[in-house]
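Trainee: One-letter residues, chain by chain:
There are 2 protein chains.
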Amino acid sequence: MTLVLTTYDWVPDFPRGFVRDIRVRWLLEELGRPYQVETVPLREKSPDHIARQPFAQVPFIREGDLTLFESGAILLHLSEGTVLMPDAQRPQVQQWLIAALNSVEPFAMAWIIPKFFDKDEAGAARREPLLRQRLGQLQAALGGKDWLMGDGFTVADLLMADILRIPAQNGLLDDLHGLAAYAERATDRPAFRKALADHLAHWRAADEKRSPA
Amino acid sequence: MTLVLTTYDWVPDFPRGFVRDIRVRWLLEELGRPYQVETVPLREKSPDHIARQPFAQVPFIREGDLTLFESGAILLHLSEGTVLMPDAQRPQVQQWLIAALNSVEPFAMAWIIPKFFDKDEAGAARREPLLRQRLGQLQAALGGKDWLMGDGFTVADLLMADILRIPAQNGLLDDLHGLAAYAERATDRPAFRKALADHLAHWRAADEKRSPA
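Each protein sequence line maps, in turn, to chains A and B. Under my numbering, residues 1 to 213 are what the first sequence spells out, in order. Under my numbering, residues 1001 to 1213 are what the second sequence spells out, in order.
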């Protein structure tokens, strides 16, 4: 059964690398699962798009009769029964996946939105201490371990590391050596490199379609 | 195996009714599962607390050898294999649970924090349109259905309805009659009423301990 991943038809330069289809691509590369990419327009949200993603966002997947939105839920579903969510550790892997979505990402977004979308440096500065606190707590929880569960990379690491990318690229992990090394360890994986390359190639192909030769 | 739910030893009046142990209590009442309550100090975060909840929050649970934090992950784990997460609908129930945590709650919190914690009305007003948009999208997705999955109340409704409580109590659902009715239908359930009563009784008992007779 072919898995179809839907993302936008085009986005401006700024969010490239970070549109959340990257998370699903990364997971599918880790699992060695082939997939097809379909698109919905960024600008005009059709009723069909909203029927499949009620908040008019991406990504969503289709797998036979099943349509799923929410990158976190897609990761949860696709990693089930795989090496990325070992049965014996399932509750704890789910715990860390949800911690990434609900205890780390909202604090990252509360800083990213003023900083990069609104260009409101004062607003971003107000949010930064809380994000830094969360990142410090996360590093402490990681301790000396390679991955959140210990030795094995799981879907929780995949999601957490993806969320850490913007803070890492903007110096917020500079004083958190353990967490910085963790984030780098994750994004050095061949599956992430392949997913990112394919994600970026998708936007370049979209540019070419828009500007006739 | 006795399930132990840990919450704070005491909180001021303001957050009472909303400390997130309420979600776990609600679920356990829906399932008819007995549980014991233990506490950690609100003011002094011990190493033992942080070992069990790395962000120094509550709730967390203990069930035999398993300790779990993140209310969303606790709900996911405890509802597994129960009527609140029917096997045939599992991916979609998980999808809506994660939508509640990642696509609705962060927008509610972005408005609640300036509004009620920082007493920053201008800040809250800036966040309100995005929250209202999300709530409108949620109502559209619900359509005429009683619950997100249709006829059956699931753990996704429990979490979503809990997240809607503060917006509902502050007028943000006044123009969203379908969503307001949905939220009321959920919190009218005997399990929620019992959970809320026990949650509030916990804080009253804490007050009595603090003020010697």
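Check each hint, because a few of them may be wrong.
To be verified - Stretch by stretch, here's where chain B covers chain A in the computed footprint (C-beta under 8 Å, at least three residues):
| id | segment |
| --- | --- |
| 1 | 12-21 |
| 2 | 27-38 |
| 3 | 82-94 |
| 4 | 101-107 |
| 5 | 138-144 |
Unchecked claim - Here are the simulated DSS-like cross-link-like pairs (lysine-lysine), alpha carbons at most 25 Å apart as the crow flies:
| id | chain 1 | residue 1 | chain 2 | residue 2 |
| --- | --- | --- | --- | --- |
| 6 | B | Lys1194 | B | Lys1209 |
| 7 | A | Lys119 | B | Lys1145 |
| 8 | A | Lys115 | B | Lys1194 |
| 9 | A | Lys119 | B | Lys1045 |
Just so you know, the hints here were simulated from the structure itself, not pulled from any lab data. Even glycine gets a Cβ: it sits at the ideal position worked out from N, Cα and C.
Trainee: Each hint should be assessed against the structure and marked as holding or not.
Mentor: Status of the hints after comparison with the structure:
1. 12-21: violated (count 0)
2. 27-38: Since three or more residues must qualify, the claim that chain B covers the segment 27-38 of chain A is violated, with 0 doing so at under 8 Å.
3. 82-94: holds (count 3)
4. 101-107: holds (count 5)
5. 138-144: Our answer is that it holds, as 3 residues pass the Cβ test (under 8 Å) against chain B, meeting three.
6. Lys1194/B <-> Lys1209/B: Given that 25 Å is the threshold and the Cα spacing comes to 23 Å, the pair holds.
7. Lys119/A <-> Lys1145/B: violated, 41 Å
8. Lys115/A <-> Lys1194/B: violated, 44 Å
9. Lys119/A <-> Lys1045/B: violated, 36 Å
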